[in-house]
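Participant: From first to last, the protein sequence lines stand for chains A and B.
Start counting the first sequence at 35; every next residue gets the next number (our numbering).
Start counting the second sequence at 35; every next residue gets the next number (our numbering).
These are calculated hints, taken from the structure and not from any lab test.
Please note: incorrect hints may appear among the correct ones.
[As the list claims (entries may be wrong)] Between beta-carbon pairs, the in silico distance windows are: (1) B:A122 x A:E121: 39 to 49 Å; (2) B:G95 x A:P85: 25 to 35 Å; (3) B:A122 x A:D89: 44 to 54 Å.
[Claimed, not checked] Calculated from the model, a selection of chain A residues having no Cβ within reach of chain B, i.e. all distances over 12 Å: (4) E53; (5) F69; (6) G95; (7) L138.
Here a beta-carbon is modelled for each residue, glycine too, at the ideal position from N, C-alpha and C.
There are 2 protein chains.
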Amino acid sequence: MRHLLLVAHGSRREASNEEVRQLAASLAPRAQGRFDAVSCAFLEIAAPSIPEGIDAAVRSGAGEVVVLPYFLSAGRHVAEDIPREVEAKQHEYPRVRIQVTPYLGLAGGVAEILLSLADARG
Amino acid sequence: MRHLLLVAHGSRREASNEEVRQLAASLAPRAQGRFDAVSCAFLEIAAPSIPEGIDAAVRSGAGEVVVLPYFLSAGRHVAEDIPREVEAKQHEYPRVRIQVTPYLGLAGGVAEILLSLADARG
Numbered sequence: 035m036r037h038l039l040l041v042a043h044g045s046r047r048e049a050s051n052e053e054v055r056q057l058a059a060s061l062a063p064r065a066q067g068r069f070d071a072v073s074c075a076f077l078e079i080a081a082p083s084i085p086e087g088i089d090a091a092v093r094s095g096a097g098e099v100v101v102l103p104y105f106l107s108a109g110r111h112v113a114e115d116i117p118r119e120v121e122a123k124q125h126e127y128p129r130v131r132i133q134v135t136p137y138l139g140l141a142g143g144v145a146e147i148l149l150s151l152a153d154a155r156g
Numbered sequence: 035m036r037h038l039l040l041v042a043h044g045s046r047r048e049a050s051n052e053e054v055r056q057l058a059a060s061l062a063p064r065a066q067g068r069f070d071a072v073s074c075a076f077l078e079i080a081a082p083s084i085p086e087g088i089d090a091a092v093r094s095g096a097g098e099v100v101v102l103p104y105f106l107s108a109g110r111h112v113a114e115d116i117p118r119e120v121e122a123k124q125h126e127y128p129r130v131r132i133q134v135t136p137y138l139g140l141a142g143g144v145a146e147i148l149l150s151l152a153d154a155r156g
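So that you can see chain A by itself, here it is in the shape it has in the complex (with noise of 0.2 Å):
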């Protein structure tokens, strides 16, 4: 089973959270055929935790996890934080494949959604 872990930051506005939570929601049909499950975890303030969020994924039986960080920088956060919680993660759980991905903000296609938005504005 493959298992998308979507991570943000976390908020102490528990909307911006819930914001996340929906996201992750909405993945889920999208993803069908690529991944089994998918579901968002918080580095910081909010709730599962990437431990705990990774720790659910392996109980639910997910033999590979992607790690997907929804930053849009790469700061401390996206270079040490996500990468030193996952890789405690990995040796715990030796025979799962654990990845994390390139961060949102270095997709190629954000620059086209920026241009969108501008436009419907313009």
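Chain A is fixed; fit chain B onto it per the hints.
Facilitator: Here is chain B on its own, set in the frame of chain A:
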């Protein structure tokens, strides 16, 4: 003249601010015909600030400024801080049309980009 102003949070990590500046620069040629100029500004920490970014756009001849929040969630910054700063500048420049677009996280295409990132690594 129409000006697109990409507004990011601003980071203590200068490389993150530089990424935003490069993104704005990369948008400029693609925005041709729709926007005459593209620049960026930061809500906190980095320069230029939002007022400074709008000032510069108006000084360079913009009759319309489209402010695009480069944010993933609608926290206080997107809901209150950016509109407040824009509104103050709108009062200062009544002849310039200044608009704020929805923030990036709200754009429909983000889900597709996330799935593409996940697929590339899956």
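Participant: Could you run down the list of hints and mark each one as holding or not?
Facilitator: So, going through the hints one by one against the coordinates:
Judged by the Cβ atoms, the range 39 to 49 Å given for A122 (chain B) and E121 (chain A) holds: they are separated by roughly 46 Å. At roughly 53 Å, the beta-carbon separation of G95 (chain B) and P85 (chain A) lies outside the given 25 to 35 Å, and the hint is violated. Taking 44 to 54 Å as the suggested C-beta distance range, the pair A122 (chain B) and D89 (chain A) conforms, at roughly 47 Å. A cut-off of 12 Å between C-beta atoms contradicts the statement that E53 (chain A) is not in contact with chain B; the least separation is 5 Å.
A beta-carbon of chain B comes within 12 Å of the beta-carbon of F69 (chain A); the shortest separation is about 7 Å. The beta carbon of G95 (chain A) is kept farther than 12 Å from every beta carbon of chain B, the shortest such distance being approximately 16 Å. Interface exclusion of L138 (chain A) from chain B breaks down, the closest Cβ pair being 7 Å apart, not more than 12 Å.
Hint check: violations occur at hints 2, 4, 5 and 7; the rest are consistent with the structure.
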